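A.B. asks: Here is what each chain is made of, one letter per residue.
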Amino acid sequence: MNKILVCIKRVVDYNVRIRVKPDNTGVVTDGVKMSINPFDEIAIEEALRIREAGNAAEVIVATIGSSDCQQQLRTGLAMGADRATLIETADEVDPLLAARTFLALIEKEQPELVILGKQAIDDDCNQTGQMLAALWGRPQATFASKLELDGDKARVTREVDAGLETIEVDLPAVVTTDLRLNEPRYVKLPDIMKAKKKPLETIAIGELAQDIAPQVNAVNWSAPAGRTKGVQVNSVDELVAALKEKGLVG
Amino acid sequence: MSKILVIAELDGHALNPSTAKCVACATALDATEINVLILSDQCGEAAAAAAQITGVAKVLTVEAAHNSQPLAAVLAPQIAAAAADYDYVFGPSTTFGKDVMPRAAALLGVGQVSDIMAVSGPRSFQRPVYAGNAILAVEVPEGRKIVATVRTASWKEAAGGNSAPIEAIEPVADIPSHTRYVGLESHASERPDLQAAKKVISGGRGVGSAENFELVFKLADKIGAGVGASRAAVDAGYVPNDMQVGQTGKIIAPDLYMAFGISGAIQHLTGIKDAGTIVAINKDPEAPIFEIADIGLVGDLFEVIPELEAKL
Ligand SMILES: Cc1cc2nc3c(=O)[nH]c(=O)nc-3n(C[C@H](O)[C@H](O)[C@H](O)COP(=O)(O)OP(=O)(O)OC[C@H]3O[C@@H](n4cnc5c(N)ncnc54)[C@H](O)[C@@H]3O)c2cc1C
Ligand SMILES: Nc1ncnc2c1ncn2[C@@H]1O[C@H](COP(=O)(O)O)[C@@H](O)[C@H]1O
Numbered sequence: 000m001n002k003i004l005v006c007i008k009r010v011v012d013y014n015v016r017i018r019v020k021p022d023n024t025g026v027v028t029d030g031v032k033m034s035i036n037p038f039d040e041i042a043i044e045e046a047l048r049i050r051e052a053g054n055a056a057e058v059i060v061a062t063i064g065s066s067d068c069q070q071q072l073r074t075g076l077a078m079g080a081d082r083a084t085l086i087e088t089a090d091e092v093d094p095l096l097a098a099r100t101f102l103a104l105i106e107k108e109q110p111e112l113v114i115l116g117k118q119a120i121d122d123d124c125n126q127t128g129q130m131l132a133a134l135w136g137r138p139q140a141t142f143a144s145k146l147e148l149d150g151d152k153a154r155v156t157r158e159v160d161a162g163l164e165t166i167e168v169d170l171p172a173v174v175t176t177d178l179r180l181n182e183p184r185y186v187k188l189p190d191i192m193k194a195k196k197k198p199l200e201t202i203a204i205g206e207l208a209q210d211i212a213p214q215v216n217a218v219n220w221s222a223p224a225g226r227t228k229g230v231q232v233n234s235v236d237e238l239v240a241a242l243k244e245k246g247l248v249g
Numbered sequence: 000m001s002k003i004l005v006i007a008e009l010d011g012h013a014l015n016p017s018t019a020k021c022v023a024c025a026t027a028l029d030a031t032e033i034n035v036l037i038l039s040d041q042c043g044e045a046a047a048a049a050a051q052i053t054g055v056a057k058v059l060t061v062e063a064a065h066n067s068q069p070l071a072a073v074l075a076p077q078i079a080a081a082a083a084d085y086d087y088v089f090g091p092s093t094t095f096g097k098d099v100m101p102r103a104a105a106l107l108g109v110g111q112v113s114d115i116m117a118v119s120g121p122r123s124f125q126r127p128v129y130a131g132n133a134i135l136a137v138e139v140p141e142g143r144k145i146v147a148t149v150r151t152a153s154w155k156e157a158a159g160g161n162s163a164p165i166e167a168i169e170p171v172a173d174i175p176s177h178t179r180y181v182g183l184e185s186h187a188s189e190r191p192d193l194q195a196a197k198k199v200i201s202g203g204r205g206v207g208s209a210e211n212f213e214l215v216f217k218l219a220d221k222i223g224a225g226v227g228a229s230r231a232a233v234d235a236g237y238v239p240n241d242m243q244v245g246q247t248g249k250i251i252a253p254d255l256y257m258a259f260g261i262s263g264a265i266q267h268l269t270g271i272k273d274a275g276t277i278v279a280i281n282k283d284p285e286a287p288i289f290e291i292a293d294i295g296l297v298g299d300l301f302e303v304i305p306e307l308e309a310k311l
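Chains as they are written, first to last, in numbering that gives the first Met the number 0: chain A, 0 to 249; chain B, 0 to 311.
By construction, these hints were calculated from the structure, which means they are not laboratory data. In this text the structure is predicted, and so the values were computed from the model without any measurement. One should not assume that every hint holds.
Unchecked claim - To give a feel for the contact side, a few chain B residues facing chain A, derived at Cβ under 10 Å: (1) His12; (2) Thr26; (3) Gln51; (4) Thr53; (5) Ala56; (6) Thr94; (7) Phe124; (8) Gln125; (9) Ile165; (10) Glu184; (11) Asn211; (12) Val233; (13) Ile277; (14) Glu290.
We put the CB at the ideal spot given by N, CA and C, even for glycine.
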């Protein structure tokens, strides 16, 4: 195929301990490490493997967000993507807006395969790929743990509650990644240098999407009711006694 | 004056318990009518089960050969068509609902509220974000349909005892042929289903191998528990993916959760926040799981499990 488009989101790194701001308007992001959403890193890796196997000519990484997102696009380029597109906006982008915006990019780029993460680990929405596929009128293969290309079709194994489901989709199609699809490569220093020379274009979001009013308003952020540390027992006998006392075992 | 359509989830031809949980969430809204929609090649069994759920006004069925498998691309246009005069469309936050609901929402031209854990007003909901490390209160602006998924671990199944009428409908929708079902590799077992089990025993990387996992299974069978695992245990191939508990696996709320050889990464803890009692057995006294465990025992799981099995 000609092109694969990979959508990557800049999110708070998964190792960061999340803290809600005291004024309940969001979580603390000042001075916090930001990374490519882990599922999206897997999406890039999968696209690169397809290209390296000779099944695609070009891998494009794209993101919607502030100019800070250039960092994550550069990381994607360092991993091996050919070029990058930043769709710039200062505002929050919800999944429907992201899908509408990526649809406009798809119309411009005409990729045969679009790979997204199954969910962004900040909003945990798990919506964008499905919405994009709906608006595009194309197949979706969500939660992929295996992707095999076969001419103008793809066979995708999906992680579902009941086990592993396999579906076949006609290309072009949207695939969203699950964690076991692959293990992303590490970026090496020379690759970071090379990535600086790769093309990174910036488009204002207004050029691609019109209706940018939020679908769902965020009203208030709060810390979850935490669980507290309980008791420490010193033997299996004590454990059995504690379980019996709570009526949890007969 | 509001109508809610609940999209039923099926296991084969049987009704999945997530449907009664969605009805419970729907009941928390002040709706005039809650209807359940069943899409299948044979709706009878599931429709009869849905008709019994308290709060349901009507069960609607769309019986067609193309609905034999839950393909989102096939179901979503029918859901969108059937949802035309509803104010709310709810589905479960299981892999089924996560796959199909956003596709239906986009066809309806609206966003989606994912993972409702609480209802705070006709258009106001609470949902977890950042792997449950923050709770976000959201509000959907007036004048549009509300499409949402219901976080099943937050809701108890609505009771039975109802006998709602069942009605066949034929929503007008284009059925695409670009997506085809190939098969399902399932590890159905005799053990209680992870998402419904009252007791769950989980193993992590500390269990060490697929063979060693037999110890966990034996203990589970002794007390009639379901069996779960951490991502590390699944990645290492000890057990299949459908056993993973956590942010990207199953979110569960058993009365008793026992974790053996699991360190307690936040992504794992997300999956067990709503458990009644959490018991942790780990040989490392510093393991983070002890910070949230109700009962902790520092010890070697290979010694603890056999002794526990003998004493329970
Ligand atoms: C985006 C994302 C999503 C994720 N989603 C999930 C998810 O859904 N679910 C999930 O579980 N993880 C998830 N993870 C992974 C998570 O971060 C951890 O890596 C994982 O949970 C670790 O599994 P573990 O506790 O089994 O392994 P480890 O962290 O390696 O812990 C093993 C524990 O076993 C103990 N141990 C070893 N031997 C013994 C013994 N003989 N007796 C007693 N104790 C012993 C050790 O002390 C240690 O504490 C996700 C990660 C990311 C980035
Ligand atoms: N603003 C964004 N920029 C780039 N990709 C995005 C953006 N929002 C969502 N995505 C993609 O959509 C996936 C699912 O996101 P979500 O629906 O928000 O959970 C992510 O893993 C990304 O691949």
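A.B. asks: Are the hints correct? Go through all of them and say.
C.D. replies: To see whether the hints hold, each was checked on the structure:
no.: 1; hint: His12; in the structure: 14 Å, violated
no.: 2; hint: Thr26; in the structure: 22 Å, violated
no.: 3; hint: Gln51; in the structure: 23 Å, violated
no.: 4; hint: Thr53; in the structure: 25 Å, violated
no.: 5; hint: Ala56; in the structure: 27 Å, violated
no.: 6; hint: Thr94; in the structure: 4 Å, holds
no.: 7; hint: Phe124; in the structure: 9 Å, holds
no.: 8; hint: Gln125; in the structure: 9 Å, holds
no.: 9; hint: Ile165; in the structure: 26 Å, violated
no.: 10; hint: Glu184; in the structure: 4 Å, holds
no.: 11; hint: Asn211; in the structure: 18 Å, violated
no.: 12; hint: Val233; in the structure: 8 Å, holds
no.: 13; hint: Ile277; in the structure: 7 Å, holds
no.: 14; hint: Glu290; in the structure: 6 Å, holds
Consistency note: the structure conflicts with the earlier hints numbered 1, 2, 3, 4, 5, 9 and 11.
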